[in-house]
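Chains as they are written, first to last, in this note's numbering: chain A, 1 to 293; chain B, 1 to 346; chain C, 1 to 301.
Errors might be hidden in some of the hints.
[As the list claims (entries may be wrong)] Computed beta-carbon distance windows for the label pairs:
{"no.": "1", "chain 1": "C", "residue 1": "T216", "chain 2": "A", "residue 2": "I78", "range": "36 to 42 Å"}
{"no.": "2", "chain 1": "A", "residue 1": "R257", "chain 2": "C", "residue 2": "F287", "range": "36 to 42 Å"}
{"no.": "3", "chain 1": "C", "residue 1": "L191", "chain 2": "B", "residue 2": "L169", "range": "29 to 35 Å"}
{"no.": "4", "chain 1": "B", "residue 1": "L169", "chain 2": "A", "residue 2": "K184", "range": "23 to 29 Å"}
[Said to hold, decoys possible] A few chain B positions that, by computed beta-carbon distances, are all more than 12 Å from chain A:
{"no.": "5", "residue": "T5"}
{"no.": "6", "residue": "P73"}
{"no.": "7", "residue": "A86"}
{"no.": "8", "residue": "H90"}
{"no.": "9", "residue": "N103"}
{"no.": "10", "residue": "R170"}
{"no.": "11", "residue": "K178"}
{"no.": "12", "residue": "D203"}
{"no.": "13", "residue": "I216"}
{"no.": "14", "residue": "P285"}
{"no.": "15", "residue": "V321"}
Honestly, the hints are just simulated from the structure, not real lab data. Note that CB positions come from ideal geometry on N, CA and C, so glycine has one too.
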Amino acid sequence: MKRAGFTTAWLPILLLVPQLIIIAVFFYWPAAHAIQSSFYLQDPFGFGSTFVGWENYTHLFSNSEYLRIAGFTVIFTILVTFLSLGLALLLAVKADKVIRGAHSYRTLLMWVYAVAPPVAGFIGLIMFDQSWGPLTEFAQMLGWDFTLGVTYFDTATAMVVVSVWKQVPVNFIFFLSGLQSIPKSVREAALIDNRSASGRFWDVTFPLLAPTAFFLLIINITYSLFDTFGVVDTLVKGEPGNNPMTLVYKVYVDGFRGNDLGGSSAQSVILMVLVLALTVFQFRMVERRIHYT
Amino acid sequence: MAQVTLSGIRKVYPNGFQALTTTSFDIPDGEFTVLVGPSGCGKSTLLRMVAGLEDITEGELRIGDRVVNDVDPADRDIAMVFQNYALYPHMTVRKNIAYGLKNRGTSAEDIAKKVAQASDMLGLDDYLDRKPSQLSGGQRQRVAMGRAIVRDPALFLFDEPLSNLDAKLRNQMRIEIKALQRRLGVTSIYVTHDQVEAMTMADRIIVMNGGKVEQIGTPAEVYHAPASTFVASFMGAPPMNLVPAHAVAGMVRFAKTSLAVETHTDGPVTMGIRPEDLIPDTSGPLPFDVQIIEELGAHRLLHGVVGDEKLTVHVGKDTDVGTGPVPLSVKPGAISLFHHETGTRL
Amino acid sequence: MSDISADTLATDRSSAPPKRRIKWSTVVDHSVLIVGSLFMLLPLVVLIQMSSVPDVEVIKTGPSLQIGDQLDDNFNKAMFQASGFSGENTGTSMLINSFILGIGFAVGKIIIGMMAAYAIVYFRLRFATLAFWIIFTTLLLPLEVRILPSYEVVQSLGMLNTYQGLIVPLIASATATFFFRQFFRSVPEELVEAARIDGAGPVKFFIDILVPLSQTMIAAMFIIMFVFGWNQYLWPTMITTDEDMFTLVRGIKQITQDLEGTNIPEYGRANLLAIIAIIPPVFVVIFFQSWFVKGLTESDK
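Turn these sequences into a full structure, and let the hints guide you.
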């Protein structure tokens with residue numbers, strides 16, 4: 001708060017009320033409700049529900065399908081996060097270096113930020129089309145008989161490719177802005193101190209980018225867990241069947257299609273705990289991370 | 001140690017802006033040379049070309065016997081102190097100082113010895129394990145110096161290293177840098193926009209303006225015999241008084257007064273007189289009218305007019321003058337004459 | 001760098017023979033960037049090519065290098081021909097809904113966020129810290145994890161298939177509030193003091209000084225929020241079942257389903273709808289690039 005703040009009593013309350021009402025109704029109430037119903041078993045026909053304690057949770061953890069989906073989500077998250085971070089870092093370093101065409105490259109590399117995940121998924125469907133998709137043909141050239149939506153592994157590959165394509169731009173923007181905020185003179189000092197370009201990158205540039213990279217790590221994990229819903233839904237064409245899916249997709253499938261409200265709520269709560277853990281981890285690291293200013 | 005030779009060096013930026021017109025000069029071995037000029041005069045560009053941070057558009061640059069136009073900065077055997085120090089924020093003071101040595105394959109033992117020496121010389125012993133963010137401006141400045149010293153370079157480059165310090169610290173560091181350079185005897189190029197720094201630190205001053213060299217000379221030469229009206233007004237505070245006058249046969253006429261001067265010019269000229277070369281003198285020929293007196297303790301500045309021309313006069317604290325008419329005389333030989341249009345010294 | 005010095009040297013060939021050094025590292029840099037740019041751009045090119053040729057051709061050969069003359073026809077189909085049963089979700093209606101969602105979400109979020117941030121930063125309020133934490137906690141849980149109960153709330157409020165039901169629950173997170181709080185805190189303290197000495201009350205100060213001062217921030221937030229709102233998928237999928245309420249992004253699902261099981265899938269129409277869904281947010285991001293990048297990267301602090 002500002003030291004010379006205003007003292008009017010009614011105005012700030014008036015200003016806060018809209019926000020507080022919205023989050024009370026559409027955030028706290030649903031979140032509490034999710035937690036509550038995760039302990040109940042809903043009658044399939046909607047005639048009330050029974051308290052079952054931790055049963056919904058224990059049921060999940062003994063469910064091999066759920067565990068398989070959790071496993072897939074972990075691998076998917078790791079792949080998407082590291083591939084998109086790596087590609088974006090490479091591109092950002094190069095875009096930061098070149099003088100000619102720097103602006104055009106920047107635009108070309110960031111516009112995909114604005115593409116909605118399901119639209120990205122749709123583009124994936126076209127690119128991986130069974131009979132003539134350019135990427136399918138490319139895979140065939142490499143001797144890989146690519147069948148999207150049929151082979152589990154191939155569908156998973158398509159999900160990763162599309163999700164990375166969609167996520168590179170955000171990482172690129174952050175890395176580039178991180179690179180540009182490194183003082184020019186520090187890089188010049190490094191130029192005098194070290195003749196090897198890769199040495200300069202790993203000794204000076206990369207450590208100075210570390211805070212950005214860490215922030216992006218969290219952003220990318222969250223993205224892979226949640227925002228890829230549209231990609232997954234489009235690529236499996238709304239028919240999960242034998243296809244891979246992520247945990248969020250499973251919440252949706254069970255809750256909406258399967259009408260298993262308790263199980264779906266329990267899954268929601270597990271995801272909430274996951275996100276909270278991530279956030280706490282992030283704050284702990286931010287506290288510890290060196291502020292270079 | 002090395003001499004630096006610039007032969008026909010020129011710099012044009014890709015957008016067509018010429019930052020430096022064709023320039024040639026030598027910097028003798030072991031000398032402390034200060035490049036001084038207003039911002040945008042090309043002094044930093046010149047320094048950065050010597051460092052290898054800017055491409056040289058044209059001409060040849062030698063450090064010692066070696067042409068270094070295409071040599072990487074790391075291989076030029078130079079050290080540079082930056083305006084904002086450019087310390088590596090994630091490294092401790094020790095690592096900052098050692099980084100350049102490490103990359104040159106110096107043994108750990110030698111590095112430790114050199115770092116210890118430098119930190120001892122600069123009084124950094126207590127700070128070696130701190131990060132730059134935990135240091136004050138003056139301490140960061142010393143670390144930057146330390147980083148330069150341990151490299152034991154052929155050439156020191158300073159890019160306005162004191163401009164981020166407060167006035168008191170600046171004066172102190174000025175003396176320290178000068179003393180250090182004396183002690184190490186390393187050829188140095190020092191860029192600044194502060195004429196006091198230039199005067200006090202330099203063996204030789206190079207005054208620059210608008211991408212070209214205006215004058216090269218010792219501080220005394222530059223001060224007493226400025227090569228142009230630009231140098232006359234840039235060096236010295238308050239600057240040299242510059243007034244339009246008329247030269248005729250060994251005399252210069254100004255405000256209905258004739259002043260003796262050694263010149264062969266006739267016609268309109270710009271006359272320059274340093275404020276301390278104008279002396280209140282009841283029998284003086286110049287009818288000076290004092291309007292404002294600036295009291296500076298050790299001395300005073302009298303601001304006033306002679307006819308329509310404004311003049312500033314520097315007098316000792318004991319000179320008893322008030323506002324109103326104060327006749328002035330001019331110290332013999334203190335008059336500089338410049339071309340009235342080009343501003344070059346006549 | 002090398003070609004720059006070579007260019008300027010070229011005018012003076014006589015005095016200094018130009019040495020055009022090809023820096024291989026520069027060549028590598030550009031190659032990497034070009035490959036990266038193509039990786040980003042090619043899918044879009046494929047989509048456009050496909051919608052320029054007759055659908056029959058697409059089924060036979062797939063994407064090719066041929067540019068046909070069907071763009072107009074396909075565009076008309078995309079914009080004015082409805083899919084689905086009700087015949088109400090033409091491209092035009094979905095486009096309008098997308099704009100309502102994008103703009104409504106962005107404006108709502110900015111107004112509510114600025115108001116709350118102003119209250120938290122500029123008032124001596126006993127519950128300021130509590131209010132901040134209540135609001136801040138919402139940053140922790142994305143809508144996706146509480147989607148079912150949120151749906152039930154909207155349902156019980158009778159807001160299914162309404163714009164309010166679509167927009168308001170999405171506003172229930174504090175990103176904008178947090179962003180403006182950070183910005184307001186960086187506004188110099190003296191400004192309030194000066195305004196108070198000049199006799200400006202809290203309302204005047206907000207409208208006359210703080211809002212004009214925040215213009216860039218508001219623009220940046222608007223771009224980010226517009227794109228975010230426009231691109232919403234899961235929530236609109238659940239809340240809107242009436243076809244005349246579909247947004248373009250929501251409609252994508254139906255578009256892909258339309259491609260299934262038809263003899264001659266209308267690739268041209270489908271691709272153009274996808275492209276129309278892409279154009280407005282991409283346009284905003286490209287043309288207001290500097291604001292957008294600023295808003296995005298500064299929200300990280």
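Comparing the hints with the structure gives:
Take T216 of chain C and I78 of chain A: their Cβ atoms lie about 37 Å apart, and the range 36 to 42 Å holds. Checking the proposed 36 to 42 Å range against R257 of chain A and F287 of chain C shows it holds: the Cβ atoms sit about 41 Å from each other. Our hint of 29 to 35 Å for L191 of chain C and L169 of chain B holds, since their Cβ atoms are close to 31 Å apart. Range check, L169 of chain B to K184 of chain A: Cβ separation about 24 Å, and the 23 to 29 Å hint holds.
Annotated as non-interface, T5 of chain B keeps its C-beta farther than 12 Å from every C-beta of chain A; the closest such distance is 20 Å. The non-interface label for P73 of chain B is inconsistent with chain A: the shortest C-beta to C-beta separation is roughly 5 Å, within 12 Å. For A86 of chain B, the condition that its CB be more than 12 Å from all CB atoms of chain A is violated, with the nearest at approximately 4 Å. With a least CB separation of 4 Å from chain A, H90 of chain B falls inside the 12 Å interface cut-off, contrary to its annotation.
Its closest Cβ contact with chain A, about 4 Å, brings N103 of chain B to no more than 12 Å, contrary to its assignment away from the interface. Its beta-carbon lying about 19 Å from the closest one in chain A, R170 of chain B satisfies the requirement of being farther than 12 Å from that chain. No Cβ of chain A approaches the Cβ of K178 of chain B within 12 Å, the least distance being about 23 Å, so the stated non-interface status holds. Every CB of chain A is more than 12 Å from the CB of D203 of chain B (nearest about 24 Å), matching its label as outside the interface.
Every CB of chain A is more than 12 Å from the CB of I216 of chain B (nearest about 26 Å), matching its label as outside the interface. Non-interface status of P285 of chain B relative to chain A is upheld: no Cβ of that chain comes within 12 Å, the nearest being about 54 Å off. Residue-level check passed: V321 of chain B sits 49 Å from the nearest beta carbon of chain A, beyond 12 Å.
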